[in-house]
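J.: Chains as they are written, first to last, in the numbering used here: chain A, 28 to 289; chain B, 101 to 350.
Derived by calculation from the structure, the hints in this document are not laboratory data. Among these hints, one or two may not hold up.
Stated by the list, open to error - Computed, partial: chain B to chain A, Cβ under 7 Å:
(1) Q134
(2) L138
(3) Q140
(4) R180
(5) Y228
Bear in mind the structure is a predicted one, so any value in this text is a computation, not a measurement. Every residue gets a Cβ at the ideal spot worked out from N, C-alpha and C, and that includes glycine.
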Amino acid sequence: MSGGVTAEIRTTHILDLAAEGKRLDGRGPDEYRPITIEPGFVVTADGSALVRMGDTAVLAGIKLEPGKPFPDTPNAGVLTTNAELVPLSNPTFEPGPPQPGAIEVSRVVDRAIRAAETIDLTRLCVTPGEKSWVCYTDVHVLDHDGNLIDAALLAAVSALAHAIVPAKRFGVREVDYALEIQHYPIESTFVRLGEAIVVDPTFDEEAAAQGRLTVATDEAGRVVAMQKGLVGAFSPDDVKEIVHRAFRHGDRLRELAKRSSA
Amino acid sequence: MGSVGAKEVPVLLSPEGIRIDGRRLDELRPIRIQAGALHQADGSAFVEWGANKVMAAVYGPREVHPRHLQQNDKAVIQCRYNMAAFSVDERKRPGLDRRSQEISKVIAEAFESVVFAEEFPRTSIDVYIEVLQANAGTRCAGLVAASVALADAGIPMVDLLPAVAVGKIGGAIALDLKKEEDNFGEADLPMALVPQSGRLVLLQMEGHMTEEELARALDLGVVGCRDIYEKMKAALRERYAVRPAEEGGA
C-alpha cells in the first residue's frame, strides 16, 4: 500500500485521471461509493450500526452508564466519542497508543454530534448536579479504504438514533427508554486532486490528496462543523463550492440513515 | 434471594440433561464462518459463534515492527486479541488489558506451532483479532477466525487450528459454554487442536474438575474441535469455489 515506487506511480495516475474528471474506481468527482447501514449489529451495545462505504467498514457502538454531570452543566448528560483505528483495518497501522489520525477522527465526529445538538442532553440528566447518564460512542474501524470521518459519523448517528437508555438495568427507572436524537448531522469529506475536488476519497486518493476538507451539515440547513486536514490548501471559493456540495450530499445520506434506522 | 448480595445461580442443566438454550451436553452453538470478510487485510475471516461476533485479519509476511523482534531464521508471529468497548455488558475501556495480552500470547504461540515460519525469515506474520460482540468462548472463536484468516492469506501451515472450550455445569461436562454457563459453571477448559496430529497447542483451565472429569472433557473437546474443523474447511472451500460469471468477496 504505502511507500516506494508503486505508491508514487499510483499517485501520479490518480492525479492524471482527476485532471480528466475521472477516478480510479470509475466514479465521478461528486459521487459517493455505495453505502449500506446495518443498525443493531451488536446486541451487547445499547445501540450500534455497521456502515460500509465502498471497501471501508466501520462499526459504532453506544454504551450508557450512570455517572456524574460536569459541574458547569449540572442538568446535562455527558457525551464522549472515541474512535479506534485498530491495526486489523489497514496495513499501515501499528499496534500501540492512539495515533493522531484516530484522535482526529474521534474529535471531528464528536464535534459534529455536539454542535448539531444531536442529543438533547437534558434527557440524560437523572438528578441535577448529582447523577446523569454518560453516553459513550465507540467507533471501531474494521476496514480502512479512506474517508473514515464520513463513515464514522454516519455509523455513530445511526447507532445513537435507535439507542436505548438501559434505565432498568441500572435501577434508574422502571423501564428502558429510547435515547432519541433531535438533529441529524452528516459529514461530507472532499479532497483536492490537482484542480479537481472529489467527494468520498478512497485510501489511495487520500494518499494522493493535496488537502482535505470535511463539512458537517444538519437537516436545518446549518453548517455545524468543519475540518481541513492533510497538507494542501483551498481558496475561499473552493470552500464555498464544497459547502454547497456538502449540503446536497448531507440530504441524501441523511435520508439513507433515516430509512435504515426506521 | 441471597442475603449476601450474590446473584442467584440459575439452573444450568435440566434433569433430562438439557441446557438453558436447549442444547445437549455435547452440542455446539450454531457457528457461521465467513472466509475473506475484509478488503485491506491479506487474509481475513468473520465468525459468528452463538452470540459471539469476531473478526480476524492477517497481514504478512511483512517487515517486523518493532525491529528488535526480528528473527534471522524464521518469521515471528505476533497476535493482538482485542475487545471492542461495546462488546460486553459493562463498557470495557478501549485498549489491551492484562487478560487480552495473555490471550494474545497463548494464541500467537499456538499458531507458531503450526505455521511454517522458517519459510519466511526476518518477517512478521501479524494476526489481529477483534471481538465485536462477546458471549463466552471468544478466544476460541478468535482462534478459529484467525486460523481461517491465515489460510485465506496463503500462509503455509501444518493444519488449520479448530478450538473450543469445554466446561462443567451442574456437575456435568459440557461442550462450548455460553455466557451464563461460563459465569455460573464450575469449570472452563479452552483448547485448540491440530487435527492432523491430534495434539493440543492451546490449553487453559480454570475451575474444579476431577481427574476423570478432565479426561472426559479433553475427549469431548477433541470431538468438538473436529466438528469445527469441518466448518472451517467448508468456509474456505466456499470462499475459493470457482463460480463462473460471478466474483467472490464480501
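J.: Give a verdict on every hint.
T.: Now the hints, each set against the structure:
no.: 1; hint: Q134; verdict: 13 Å, violated
no.: 2; hint: L138; verdict: 5 Å, holds
no.: 3; hint: Q140; verdict: 5 Å, holds
no.: 4; hint: R180; verdict: 5 Å, holds
no.: 5; hint: Y228; verdict: 4 Å, holds
Hint 1 from the earlier list is the only one contradicted by this structure; the remaining hints agree with it.
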